[in-house]
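Q: Chain by chain, the residues:
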Amino acid sequence: MLKRPRLLILSGQAGAGTTSASLGLRESLGGGEGAASVVDGRGQVSEIEGLVDRTIAAAGLGTMAQELPRVLTGLTGIAGVLAVHEAAKRGEAIVWDAGETGGLLRVLALLDAARSEAASILPPLIAMRAARALSAVDRAAWQGILTALGSVRAMLDDDGTRVLLVAVPDDGLEEFLADRIGQLSLMRTACDGILVNRVPRNGDGWPESWAGPRRHRVERLRGRGLPVVDIAHLTNDAPGKTAFRAEAGGVLEIARVPRPLPDSITERDDGGFDIHVHLPGVRPDLVRAGRLGDSLVTQVAGLRRQTVLAPVLARCEIQGAGMDGDWLIVRFGRNLALWPEAS
Amino acid sequence: MSGADPWWFTGTMPDDASSGARDRTPGGGFSLSFLASGAQQLVDMAKQVIVVPHADHDDPEQHGDCIICRGQLALGEVRRRPNIPDVDVATETNSESTVEWIHLDAARPAASGSLADRRLWP
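Taken in sequence, the protein lines are chains A and G. The first sequence begins at 110 in my numbering and counts up by one. The second sequence begins at 64 in my numbering and counts up by one.
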């Protein structure tokens, strides 16, 4: 029997109905085990932006750093993370209305960065200066944010978490899904299921010339074996809440897709090295790879992940790369100028 | 949670979850390392959001919405003032910040037993 999801993350195309879906699924997810919470951090961004602003000022950073909060629109995601963390403490199932998928990907990038041990850039003295100058309330808020980031990162790895993409059956549906599924894989998670909203049903009086192609697109997805739940386009239920509620059972049966494995490095017989990047579900033509200083840049459908190279690879030159099944393999050869012991 | 508290602050620290005690003083278990970690996360996020997209910006004048390009232009303007050596800041900086893309080999099919998911492949 499938484990009942404890955290459903809904994200998708702008205007596809993630909020309606979240509200519609709330009741069913709660079931007999208590209520489910629907969280959405979009109303709290200004408070977090203010906190970040004060921290930058307290650290004595310059005017360019002062612009960061306005550039980092991902602050919406931090608010969502905090809300999920709070709801989890109440022991309830959670539906996270994460909005447009670009925002969710930014949150995932932040959570990934939070877990990484990337080299520190900000001198500790600046952080200490900020810590002394900030108010106790702001310090406590920072502590809350860091705790929440850690706990939500752990929740993403839990078997009880599902990530669902919400889309509408318009032209370009498959391209949207290929891009977003690939990008989720790049961010070390996966799309467990797809909710296709506003699918015109037979016999509801929709003009066939409009409805037929939409139904066909959904059937194509299903024919490829993707876990699709289609939501009826109701004539008298514009927000779609009723339609989502009716299909909630199908959503709860969606199984969890295995997540990408961590990157690994192997040494070849010729003394070179290969780095293996697991990208399951990613279409090869969407992948690019490159080097930026001492980092490996992996790009899927325009979204990049920058990984600091291990010291041994930083002293190597890239010889080539390619997709081998669901793995991107980048081949490195020793740069003899940087290996004095080898010359 | 009182009305004066930030909405996200529950007052429950990791070590006092059972008591629900609230201690917001610097000496109440708060460590400077928390803030250092937070600052690091901000920097990491900034790298994702700002630095990485900037890597493709060859001409700063074409990317007025990019904070780094604006900084380069401002710096270039200052350096071009009289008595300051004329340096092509944009070119100089981009030589360090542009991604060297790798030509990828033709994709190979997955070996048997692979987890490859090709459901959305053409």
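A portion of the hints provided could be inaccurate.
[Said to hold, decoys possible] What follows is a list of derived Cβ distance ranges for each label pair:
1. A:Pro316 / G:Glu124: 48 to 54 Å
2. A:Ser244 / G:Trp164: 45 to 51 Å
3. A:Leu445 / G:Glu124: 28 to 34 Å
4. G:Trp164 / A:Arg199: 46 to 52 Å
5. A:Glu209 / G:Arg171: 30 to 36 Å
6. A:Ser318 / G:Ala169: 27 to 33 Å
7. G:Glu124 / A:Val421: 38 to 44 Å
8. G:Ala169 / A:Arg310: 40 to 46 Å
9. A:Gly321 / G:Trp164: 53 to 59 Å
Hints listed in this document are in silico derivations from the structure and should not be mistaken for laboratory results. Since we're looking at a predicted model, the values are computed, not measured. For each residue, glycine too, the CB sits at the ideal point set by N, CA and C.
Q: Next step is simple, just say for each hint if it's right about the structure.
A: Consistency of the hints with the structure:
Between Pro316 (chain A) and Glu124 (chain G) the Cβ separation comes to about 49 Å, which falls inside the hinted range of 48 to 54 Å. The given range of 45 to 51 Å is respected by Ser244 (chain A) and Trp164 (chain G), whose C-beta atoms sit roughly 46 Å from each other. A beta carbon spacing of about 40 Å between Leu445 (chain A) and Glu124 (chain G) contradicts the range 28 to 34 Å that was offered as a hint. Hint check: Trp164 (chain G) to Arg199 (chain A), Cβ distance near 47 Å, so the stated range 46 to 52 Å holds.
Range check, Glu209 (chain A) to Arg171 (chain G): about 34 Å between beta-carbon atoms, so the 30 to 36 Å window is met. For the hinted restraint 27 to 33 Å between Ser318 (chain A) and Ala169 (chain G), the CB-CB distance of approximately 40 Å leaves it violated. Taking 38 to 44 Å as the suggested C-beta distance range, the pair Glu124 (chain G) and Val421 (chain A) conforms, at roughly 40 Å. Taking 40 to 46 Å as the suggested C-beta distance range, the pair Ala169 (chain G) and Arg310 (chain A) conforms, at roughly 43 Å.
Between Gly321 (chain A) and Trp164 (chain G) the Cβ separation comes to about 42 Å, which falls outside the hinted range of 53 to 59 Å.
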